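Here's the letter readout for the chains.
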Amino acid sequence: MDKKILEIQQIKREFRMGTEIVRALKGVSFDVFAGEFVTIMGSSGSGKTTLLNILGCLDKPTEGNYLLDGVNIGQLSRNELARLRNRKIGFVFQAYNLLPRTSALENVELPLFYNMEISHEDRRKKAIHALEAVKLAERMDHTPSQLSGGQQQRVAIARALVNEPVMILADEATGNLDTRTSYEIMALMQELNREQGKTIVFVTHEPDIAAFSSRTVMLRDGKVVKDTKNENVRSAKEALAALPVSDDY
Amino acid sequence: MNVLNLLRIAFKALLRNKLRAFLTMLGIIIGVAAVIAMVAIGQGSKESIQSQLSSMGSNMITILPSSNVAGGARLGGTSVNTLTIDDVKAIRKQAENVSAVSPAANSSGQAINGALNWPTTIYGVSPSYLDIRKWALKDGIPFSDEDVRASAKVCLLGQTVVTNLFPNGDNPIGKIIRFNNIPFQVIGVLEAKGQSSFGQDQDDAIIAPYTTVQKRILASIYFRTIYASAVSESASDAATDEITSILRKQHRLRSSDEDDFQVRTMAELISALSSTSNLLTILLTAIAGISLVIGGIGIMNIMYVSVTERTREIGLRMSIGARGIDILMQFLIEAIMISITGGIIGVILGISSAKLITIFLSWPTLVSESSIVLSFLVCAATGVFFGYYPAQKASRLDPIEALRYE
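Chains as they are written, first to last, in our numbering: chain F, 21 to 269; chain X, 6 to 411.
If you're looking for bench data, these hints aren't it; they were derived computationally from the structure.
Just to be clear, a hint being listed does not mean it is correct.
Stated by the list, open to error - Result set (DSSO-like, lysine-lysine): computed pairs, CA atoms no more than 30 Å apart in a straight line:
1. X:Lys360 with X:Lys398
2. X:Lys51 with X:Lys180
3. X:Lys17 with F:Lys145
4. X:Lys398 with F:Lys108
5. X:Lys17 with F:Lys108
6. X:Lys23 with F:Lys146
7. F:Lys146 with X:Lys17
8. F:Lys146 with F:Lys257
9. F:Lys145 with F:Lys257
10. X:Lys254 with X:Lys220
11. F:Lys80 with F:Lys108
12. F:Lys46 with F:Lys257
13. F:Lys243 with F:Lys80
14. X:Lys158 with F:Lys155
15. X:Lys51 with F:Lys80
16. F:Lys145 with X:Lys51
17. F:Lys32 with F:Lys46
Since the structure is predicted, the reported quantities are computational estimates derived from the model, not experimental observations.
All chains should be built: construct the whole structure from the sequences, respecting the hints.
In structure tokens, the structure reads:
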């Protein structure tokens, strides 16, 4: 099979809350291969946010190993983690997290500002390219307030793509959007996954959204309870077409 | 992360909030402008005092009659007559540190030229007076020792007297004017000397041989003042001591007697006046400096608000690869940019207000480069000092919590 992008081996994460120790993850193991579209599902309290933070190199496991693209993050310093996030991960958040009063293009350029190896011209070229990939090239001068929710999320996806990461990590990326726009975003995700071979890890609690992915990892109480391949992936494009054309009234 | 990128990031962040950046700058702008303008006023007044004093002759020594005790009552200096021509001659002959001496007997009165008249003062002096006062002739010739000996009725006119007695630009040389009904022939016109530091018009004067003034106007053998010139500015103290001992001998004072004269040098006046204006400069600068510190506190306050308000932005930047140092530098550079931009505007504002003060209030001002450089450095330091703590707070945020901050 393909190269392993993520190797998660018996990860445990404990938090100290006063005198009590909360065990958010109690030994989670799974691998993600290049080109997969994985959804991580679970209700609140299942440890999915903790796992997401570890996958995104924002947090380290208390026990166990996490290898991102062959690098074990357990031994890395804060600065090395920052560098890893900059080069290997593209984040997409529920609340978009775009800089206000800043054009779409500049928002997309942002991660490249923290990469010294990229010149001014390259930065601009890559950002325009990423905006083209999410079909927003003609709106690159718009600020977030001039864009709809779906468009803002597409700018955020372009920002996640711009540094050519090994994995896109989406955190409830459709949580703030209506059904139609959610499907549009999922159609875009599927397209990036299929046509450009991007590895996507999508954290969500909506089973509806999970149906669009090729694999689902289900968490409950800090443990993996189900890890299934999705045999018949639902096409977001078709789902979109099946929606009533207009629900205006 | 390179410096250019940091500058770009900080600049863009400031542009996103122009009004707030400007309001924060305002404290610095006012502080710097105040420092520059205040120092300019202080320096300007000091400079003008010093240039006036040196134009008066900084090695000049003035000898005045002093208070005297007569029958238990102390008499004021001006009412005492102790200085005579013998004193002048003794100083001229004996004092080695004195290069020139001139007595001065003055009287006020009315100067008349035909139908025009003007109230002024006549100064009876010897020819060396012009050297001592560093006063040049604009036209004509000075009077000579021969004129003094002959009590010649010749005079030199100050500019103010010329303007008032010869208003149509007539050449006064050779003309006869009358002072207290005594005719004088004008043989020279003096250069304009302007106001003294006490606001007195020095050009409102007629200068004549002292013998003429003493005999024909005052009918007195005493002088109001003796002017002397030390060989150099540094010799003025030695010259003062010499003059004191010569005059004590001249006046036959016993060692228990007080001096019946006073010897004053310009050095005393210079140091007295410049210490006053130094004090003024220090006071003004201190006040202006306080306003600069307040400006700095304003920066700190706003940077704190900014860090709190932009917690999510900080979280985002960290999640896409910004290190702690990148965030620290971003906020520090923002603070420095605010303070330096404020500093530049403040310098411009300070210089122009100093100019306006000179134009509208006609106060002398002098914008010194050192005050510009200094306030600029203080500005940058203010930015670093007051920007560091908020920036450090920002750089230590936990990205996970920062991203979820509401």
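Evaluation of the provided hints:
Using a Cα cut-off of 30 Å, the hinted pair X:Lys360 and X:Lys398 is violated, with the two alpha carbons roughly 43 Å apart. Proposed proximity of X:Lys51 and X:Lys180 is contradicted: the alpha carbons are some 41 Å apart, above 30 Å. Of the supplied pair hints, the one linking X:Lys17 and F:Lys145 holds, its CA atoms being roughly 19 Å apart against a limit of 30 Å. Restraint check for X:Lys398 and F:Lys108: satisfied, since their Cα atoms lie roughly 27 Å apart, inside the 30 Å limit.
The suggested pairing of X:Lys17 with F:Lys108 holds, with an alpha-carbon distance near 26 Å, which does not exceed 30 Å. For the given pair, X:Lys23 sits about 29 Å from F:Lys146 by alpha-carbon distance, which is consistent with the 30 Å threshold. For the given pair, F:Lys146 sits about 20 Å from X:Lys17 by alpha-carbon distance, which is consistent with the 30 Å threshold. Distance check on the hinted pair: F:Lys146 and F:Lys257 sit about 27 Å apart at the alpha-carbon level, within 30 Å; holds.
Annotation: proposed proximity of F:Lys145 to F:Lys257 holds, straight-line Cα distance about 29 Å (limit 30 Å). Taking the CA atoms of X:Lys254 and X:Lys220, the gap is about 27 Å. The hint holds against a cut of 30 Å. For the hint pairing F:Lys80 with F:Lys108, the CA-to-CA distance comes to about 16 Å; that is within 30 Å, so the pair holds. Between the alpha carbons of F:Lys46 and F:Lys257 the distance comes to roughly 38 Å, so the proposed pair goes past 30 Å and is violated.
The hinted pair formed by F:Lys243 and F:Lys80 meets the criterion: a straight-line CA distance of about 17 Å does not exceed 30 Å. Taking the CA atoms of X:Lys158 and F:Lys155, the gap is near 105 Å; set against the 30 Å cutoff, the hint is violated. Among the hinted pairs, X:Lys51 with F:Lys80 is inconsistent with the structure: their alpha-carbon atoms are about 67 Å apart, more than 30 Å. Distance check on the hinted pair: F:Lys145 and X:Lys51 sit about 61 Å apart at the alpha-carbon level, beyond 30 Å; violated.
Between F:Lys32 and F:Lys46, the direct Cα distance comes to roughly 5 Å. Compliance with the 30 Å bound is thereby established for this hinted pair.
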